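J.: Sequential numbering from 1 applies to the sequence shown in UniProt numbering.
Note that these hints are calculated values from the structure, not bench results.
Since this is a predicted model, take the numbers as computed values, not measurements.
Be careful, since some hints might not be right.
Said to hold, decoys possible - No farther apart than 25 Å at their CA atoms in a straight line, the calculated lysine to aspartate or glutamate pairs in the DMTMM-like style are these:
#1 Lys36 / Asp23
#2 Lys47 / Asp23
#3 Lys52 / Asp23
#4 Lys64 / Glu44
#5 Lys47 / Glu34
#6 Lys64 / Glu29
#7 Lys11 / Asp21
#8 Lys22 / Glu10
#9 Lys55 / Asp23
#10 Lys36 / Glu10
#11 Lys22 / Glu34
#12 Lys55 / Glu44
#13 Lys55 / Glu65
#14 Lys52 / Glu29
#15 Lys64 / Glu10
#16 Lys47 / Asp27
#17 Lys52 / Glu68
#18 Lys101 / Glu44
#19 Lys64 / Asp23
#20 Lys22 / Glu44
#21 Lys11 / Glu34
#22 Lys11 / Asp23
#23 Lys47 / Glu29
#24 Lys19 / Glu29
#25 Lys55 / Glu66
#26 Lys18 / Glu29
#27 Lys36 / Glu15
#28 Lys22 / Glu12
#29 Lys64 / Asp98
#30 Lys36 / Glu59
#31 Lys36 / Glu12
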Amino acid sequence: MGCAISSSGEKEAVERSKKIDKDLRADGERAAREVKLLLLGAGESGKSTIVKQMKIIHETGYSKEECEQYRPVVFSNTIQSLMAIIRAMGQLRIDFADCSKAVSIEISFQTGL
């Protein structure tokens, strides 16, 4: 008996395993490109209204071109809002729960990220 696969059942199992591995890698790559955005706000501030409006306006979803067009705008708005919150935390003397995050934020502000 050698190290080679001897039965066709084992060969099929290996091929099936390779296909599963390939599918898992493809799913992982697809998930890495996906961006999720969490809408936060007080009650009755319009979070669910935004989602409903997006569904009504774009029943079939966005085209690939629309996604590429709006992606930088959404990212920019998100970063600007996050920076405004962080600046307000300093003015209101609200500390980060994890001090290491404050250092990361300070470096980001200094480098313009």
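J.: Give me the numbers of the hints this structure contradicts, sorted from smallest to largest.
T.: As far as the earlier hints go, 2, 3, 4, 9, 10, 14, 15, 16, 18, 20, 21, 23, 27, 29 and 31 are violated by this structure, in ascending order.
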